[in-house]
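Asks: Whole structure, please, built from the sequences with the hints as guidance.
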Amino acid sequence: MNYMMRFFLVSLVIVLLAIGAVRRSASAQSLSAELPFGGIHLFVVQCTCAADSLHYILDFTTNRTLALLYEPSSRLYENYNVYGAQYQLGSYMPTGQQCMITTGTSCVGIYADGMYGNQPGTGTSFRAGFRALAGAFAPLWGSDNARGPFFTIRPTILRRSVSK
Numbered sequence: 001m002n003y004m005m006r007f008f009l010v011s012l013v014i015v016l017l018a019i020g021a022v023r024r025s026a027s028a029q030s031l032s033a034e035l036p037f038g039g040i041h042l043f044v045v046q047c048t049c050a051a052d053s054l055h056y057i058l059d060f061t062t063n064r065t066l067a068l069l070y071e072p073s074s075r076l077y078e079n080y081n082v083y084g085a086q087y088q089l090g091s092y093m094p095t096g097q098q099c100m101i102t103t104g105t106s107c108v109g110i111y112a113d114g115m116y117g118n119q120p121g122t123g124t125s126f127r128a129g130f131r132a133l134a135g136a137f138a139p140l141w142g143s144d145n146a147r148g149p150f151f152t153i154r155p156t157i158l159r160r161s162v163s164k
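Residues in the sequence shown are numbered consecutively from 1, following UniProt numbering.
Source of the hints: derived by calculation from the structure; they are not laboratory data. Backbone N, C-alpha and C fix where the C-beta goes; we use that ideal spot for every residue, glycine too. Just so you know, not all the hints are guaranteed correct.
With beta-carbon atoms standing in for the labels, derived distance ranges [stated by the list, open to error]: (1) Val-10 x Pro-36: 46 to 52 Å; (2) Gln-119 x Leu-17: 35 to 41 Å; (3) Arg-6 x Ala-33: 52 to 58 Å; (4) Ile-110 x Pro-72: 16 to 22 Å; (5) Ile-110 x Leu-16: 55 to 61 Å; (6) Leu-17 x Val-44: 56 to 62 Å.
Replies: Here it is in structure tokens:
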């Protein structure tokens, strides 16, 4: 009996060592320094000295307002929608960039917390839901503006999605 117990314990130790040597650990790693954000899109400031815009987002992860630069090279979700009053989810890269706005003959910079990231992307994919919500509030805007003042951005065309 003592021999069988010793054989069993030695076999168990060998099996556990073999499993420990073969086992691989999985962990999520990122090569970028992008931070996640998610919250309500408050308003937009157009940067008139550059081809970008400054978006203010009430971030639920940090409980503060983020000022993020949207550049034409930013990666967007399927509906390409970063304008309008909706929730946004994505990542941003903390940078020292500024939104440059024309003042007279020169440009003045407005501080930005960062710029929209590319991993995984930014925006919302709920455009139809927001149009339905806007339709519910159509009496507030009048019948000729039944969809509300929401904007849709496409990669090459910026158009206002309001029926006239």
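Asks: Does each hint fit the structure? Answer for all of them.
Replies: Now the hints, each set against the structure:
The given range of 46 to 52 Å is respected by Val-10 and Pro-36, whose C-beta atoms sit roughly 49 Å from each other. Separated by about 39 Å at the C-beta atoms, Gln-119 and Leu-17 satisfy the suggested range of 35 to 41 Å. Distance hint check: the CB atoms of Arg-6 and Ala-33 are about 54 Å apart, consistent with the given range 52 to 58 Å. Look at Ile-110 against Pro-72: about 19 Å separates their beta carbons, and that is inside 16 to 22 Å.
Distance hint check: the CB atoms of Ile-110 and Leu-16 are about 60 Å apart, consistent with the given range 55 to 61 Å. Judged by the Cβ atoms, the range 56 to 62 Å given for Leu-17 and Val-44 holds: they are separated by roughly 60 Å.
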